[in-house]
Amino acid sequence: MEPYKKHESIAALMNRSNVDTDQIIPKQFLKKVERSGFGQHLFHDWRFNDDGSDNAEFELNKPAFKGAKILVAGDNFGCGSSREHAPWAIADYGFNTIISTSYADIFYNNCFKNGILAIKVDKEQLDKLMAEIAANEGVRFVVDLENQQVTTPGGNGFSFEIDPFRKGNLLSGLDDIGLTLKHVDKITEYEQQHKQNFPWLWA
Amino acid sequence: MHALEYAMKKTMYEKIWDSHLVVDVAGQAPLLYVDRHLMHEVTSPQAFEGLRLSGRKVRNPHSILATMDHCVPTKNRDLPIADPIAKKQIETMAENCRENGLNLYDMKNPNNGVIHVVVPEHGFVHPGMVVVCGDSHTATHGAFGALAFGIGTSEVEHVMATQTLPQKKSKTMQIIVNGELSKYASAKDIALAITGKIGTAGGTGYVIEYTGSAIRELSMEGRMTLCNMAIEAGARAGLIAPDEKTYDYLKGREFAPSGQYWEQALAYWKSLPSDEGAVFDATVTLDAADIAPQVSWGTSPEQVTGVDGVVPAPESFSDEIKRQACENALAYMGLTPNTKITDIAIDYVFIGSCTNGRIEDFRIAAEVAKGTHVAPGVTAIAVPGSYHVKQQAEQEGLDKIFTDAGWEWREPGCSMCLAMNGDELTKGQRSASTSNRNFEGRQGKGGRTHLVSPAMAAAAAAAGHFVDIRNL
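Residue numbers (my numbering), protein chains in the order written: chain A, 20 to 222; chain B, 3 to 474.
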């Protein structure tokens, strides 16, 4: 995983709530056995017309949002299935930051495993950010994870909360499994106890 | 009550959490031990790849049970899979399981079926366990009083390598459903009514425990249906306290404790239910008698109403976001406000899935389908959740009832629940479906899904539109 660095990027606007993982990456693309290459299918059913051409009506197809790394979206983003293909597609497309009021649990966890910073803001803050983008499409925000700050040219900057463990992993690009395996003795010890307490699980 | 005494009262979730905590140190997410790891072909290949690349091994192969369900064809099973990418995914699954010594019920195995149908059939999940799967409907197994939740593929890899998961403790929500369900209202209707009431984000951050007399009355199958859809309300997991029904269901199954261990396990299971006076962070109450058979009208499981209701008008929502969502949903669904639910005509009926693909679901649907015939222009398919369900149904003659009524009787799989295997709606087609999600395109691009119970689906197949089964 790439370490997350401070960046200034275009913020794309997706003013919809309950965007589900079936939309983020439709099921016809879940059959691959690799992790890469999902970006081309991100939001496929909204993004492309039946003949495969770009749907000009779809917000992310706006030229002003080309190259955006920040996605500003409505409530309960990423609801539905557990498919990690959703954050894989989002990251592969080029986003490394999402800003919304709320996320579905599994999706939220999956983001941080893939170098995506999912920032939670309150409704009022989200409305301000959305209004700023709507009034000035192509506007660039600065995201500084180290200092937990987002700044915008329109003065709608804010600081955000994040779990210190998640923050550390994003900043270092560290692998979770390696961290957990530092506790392998504790795991083994737990298992020994578990075998005594619940012998039928090991019979 | 003294503060200390008060603090000692635990919910079932807290009991399971506490007993599975391996490491809890400052600055790190607590590590939770995982007892059972369920797998299917879609969310696992990249996890095996990661394991291989890092030179790590599966820590406890016996904790894993795998099946193939999402991509498998539900007819012409003897022929090679036509879709080359799906075929590769299936082959990769078989290879990964072979290489790591995992128990796999592959497509030809008589135990094959949808993971969340197969696992209970073999008694692989018990009360008090922590259970994970790269699948959001893992919540199903909460019906046994196990803490069961969906995880992403990175976490699948994590569990394989370490048998643990870094987890944040959830809040607890108690949903009390008292009273008696009306005739033909089912666990599915309770699940949809709850999602309608609290919304798809209503349970976010919570583990739900379902309690109350209407929950106790549900069969194990019904409890699985209800817990299965906890995720549709945004919850991490759903739980139901184990009781005699749970123990009776488990006894004698392949992976259930036996001999000397049975009594020991039973004693432990009986210690699991939430203590009287345990405090939940939130409580929601429903009266079962008020729950009419439900029909979803929109593109989110919270957009649902009773069969005696109408399609709502966007203006009826005071919340701006909900109003907009209603407008978008009606446009996608091709519906006009104030249309009676019973006036909505359907083209397709699907009975099956990890929500409603169990024997009880086919029994009730067959009871309704018996002596009827699928309406002109309607296609109806019955897809058992597993080969065991299929066999049981055939022994009871249910397959004959369906085929006599003009239904197709298929091989088991996820099928039209998410339409990955080729069973799908075409653009504009409208279904009555016993599955769990009515998202845009879920059952095929441009397809329009209405979520219902098996009995409602069977009645709609015969009539060609929704009908209030309470009046049949």
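Among the hints, erroneous ones may be present.
[Said to hold, decoys possible] Simulated crosslink set (DSSO-like; lysine-lysine; CA at most 30 Å straight-line):
| # | chain 1 | residue 1 | chain 2 | residue 2 |
| --- | --- | --- | --- | --- |
| 1 | B | Lys324 | A | Lys88 |
| 2 | B | Lys171 | B | Lys272 |
| 3 | A | Lys24 | B | Lys324 |
For the record, the hints were derived by calculation from the structure and aren't laboratory data. Remember, it's a predicted structure, so these values are computed and weren't measured experimentally.
Contradicted hints - numbers only: Hint check: 3 fails alone, others pass.
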